[in-house]
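**Student:** Each chain, written out:
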Amino acid sequence: KNQVEQSPQSLIILEGKNCTLQCNYTVSPFSNLRWYKQDTGRGPVSLTIMTFSENTKSNGRYTATLDADTKQSSLHITASQLSDSASYICVVSVESMDSNYQLIWGAGTKLIIKP
Amino acid sequence: GAVVSQHPSWVICKSGTSVKIECRSLDFQATTMFWYRQFPKQSLMLMATSNEGSKATYEQGVEKDKFLINHASLTLSTLTVTSAHPEDSSFYICSLAGRTYEQYFGPGTRLTVT
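Here the protein sequences come in this chain order: A and F. Read in order, the letters of the first sequence are residues 682 to 796 in my numbering. Read in order, the letters of the second sequence are residues 18 to 131 in my numbering.
Excised from the complex, chain F in its bound form (with noise of 0.2 angstroms):
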């Protein structure tokens, strides 16, 4: 399977400040990538799928010009974290469309917003 990289792993914040974590596939051009949010002892909630070289797709619900999603290349997809909240605080996983139905998911980052 794909192998996807996410940077940084953790990161801590103080209130108001932007964040961007980043989502790597190392060995797979993924025209779609999808970013996740989840809350402790909750399942994954997807927040938008990302299209290299178009606009992201919103969940309802996900503020996008809170969240900024950027596909610029088949391996590369970022989201900001815009002026953070301490309730932004959360595990974002992204994951890719591979072939055949299988998606690839990254490690993770822990964002903490004090």
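The following block holds chain A by itself, in its conformation from the complex (with noise of 0.2 angstroms):
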């Protein structure tokens, strides 16, 4: 069964502080995975897109890991603002057989930044 999961549930931290948010999947066949920030009330935003040969990429303080060969993902957020207060959004896509994609959604971490 395709399944994203992501840890943790929830995350406090202090504005400055660094912090980093994992996801595992078991999806076949992988096509790409994609980390998305949605705030409260609104639509998701892309964030970073890795492909099976990309190992990592990053998106200003964001930067996404892929480990193809253990099927996890991870988003580094560094030196969080207030702003970066959200939902992070883990989504594999799945390539089917007639060249479409489906897209597996996690559950997210709803990362809150304190003052």
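Keep in mind the hints are simulated off the structure, nothing from the lab. Any given hint could turn out to be false.
[As the list claims (entries may be wrong)] Think about it this way: if two alpha-carbon atoms lie no more than 30 angstroms apart in a straight line, the pair counts; the simulated DSBU-like pairs of lysine-lysine are:
#, chain 1, residue 1, chain 2, residue 2
1, A, Lys791, A, Lys738
2, A, Lys795, F, Lys58
3, A, Lys682, F, Lys83
4, F, Lys37, F, Lys81
5, A, Lys682, F, Lys81
6, A, Lys738, F, Lys58
7, F, Lys31, F, Lys58
8, A, Lys682, F, Lys72
9, F, Lys58, F, Lys83
10, F, Lys58, F, Lys81
11, F, Lys58, F, Lys37
12, A, Lys698, A, Lys791
13, F, Lys37, F, Lys83
14, A, Lys698, A, Lys795
15, F, Lys37, F, Lys72
16, A, Lys698, F, Lys58
17, A, Lys698, A, Lys752
18, F, Lys58, A, Lys682
19, F, Lys58, A, Lys752
20, F, Lys58, A, Lys791
21, F, Lys81, F, Lys31
22, A, Lys752, A, Lys682
23, F, Lys72, F, Lys83
[Stated by the list, open to error] Covered by chain F, according to a simulated footprint, are these stretches of chain A (three or more residues, beta-carbon under 8 angstroms):
#, segment
24, 720-731
25, 781-788
[Unchecked claim] Short, incomplete list of chain F residues facing chain A, as computed with Cβ under 10 angstroms:
#, residue
26, Val21
27, Phe51
28, Lys58
29, Gln59
30, Leu63
31, Phe108
32, Cys111
33, Gln120
34, Phe122
35, Gly125
Even for Gly, the Cβ is constructed at its ideal location relative to N, Cα and C.
Reconstruct the complex from the two isolated chains, following the hints.
**Tutor:** Have a look at this one:
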């Protein structure tokens, strides 16, 4: 069964600190892995997309890693800011037989940054 | 990336009435759009895939006669919730498929059925 699991479920850190969010997946056939940021009451915004051959990708203070062998990904946030408070969702894309793709969504990690 | 808008951003309606939600692509011609539903503290759930000029493809468990989808043009898709019930209260989000795997999401529409 295709599944994406994220941990922790929620996380509270102080402003300026770093943090790392985890994503484990059991998905086949793997196409790509995405990290989205979703503010409360808003649609998701893409942070990174990584294909099988990519190990790391950065977007400003966000750095995502991918280990396709262990089927794990992480999202590292550096020097957190209050505006980083949001849900961070890991999504894995599965390529289907008709060349379309299906997105398998994780439940998200709710990150709260405190001043 | 593409800019996606939704209208309205929030709506309150009475049980039994119908509500139409619009999803517009402002700067990108999208042959495929997606409609999602998100309940509180849960992740997005795909409802249907909307293809311009053809019928939408609904996910298992989603009633196509209740959630009417019309993808009339490359920049507009609409979702109509017919005979709404309180359990339809949710956050509805559309997205469009961009190039190379990317999906661009709208800001969402909060529907409350009383």
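**Student:** Taking the hints in turn, state whether each one holds.
**Tutor:** Hint check:
no. : hint                : verdict
1   : A:Lys791 / A:Lys738 : 21 angstroms, holds
2   : A:Lys795 / F:Lys58  : 20 angstroms, holds
3   : A:Lys682 / F:Lys83  : 29 angstroms, holds
4   : F:Lys37 / F:Lys81   : 14 angstroms, holds
5   : A:Lys682 / F:Lys81  : 26 angstroms, holds
6   : A:Lys738 / F:Lys58  : 28 angstroms, holds
7   : F:Lys31 / F:Lys58   : 24 angstroms, holds
8   : A:Lys682 / F:Lys72  : 28 angstroms, holds
9   : F:Lys58 / F:Lys83   : 24 angstroms, holds
10  : F:Lys58 / F:Lys81   : 25 angstroms, holds
11  : F:Lys58 / F:Lys37   : 24 angstroms, holds
12  : A:Lys698 / A:Lys791 : 16 angstroms, holds
13  : F:Lys37 / F:Lys83   : 12 angstroms, holds
14  : A:Lys698 / A:Lys795 : 10 angstroms, holds
15  : F:Lys37 / F:Lys72   : 17 angstroms, holds
16  : A:Lys698 / F:Lys58  : 25 angstroms, holds
17  : A:Lys698 / A:Lys752 : 27 angstroms, holds
18  : F:Lys58 / A:Lys682  : 23 angstroms, holds
19  : F:Lys58 / A:Lys752  : 25 angstroms, holds
20  : F:Lys58 / A:Lys791  : 9 angstroms, holds
21  : F:Lys81 / F:Lys31   : 21 angstroms, holds
22  : A:Lys752 / A:Lys682 : 14 angstroms, holds
23  : F:Lys72 / F:Lys83   : 14 angstroms, holds
24  : 720-731             : holds (count 7)
25  : 781-788             : holds (count 5)
26  : Val21               : 8 angstroms, holds
27  : Phe51               : 9 angstroms, holds
28  : Lys58               : 8 angstroms, holds
29  : Gln59               : 7 angstroms, holds
30  : Leu63               : 7 angstroms, holds
31  : Phe108              : 7 angstroms, holds
32  : Cys111              : 8 angstroms, holds
33  : Gln120              : 7 angstroms, holds
34  : Phe122              : 4 angstroms, holds
35  : Gly125              : 5 angstroms, holds
In this structure, none of the earlier numbered hints is contradicted; all agree with it.
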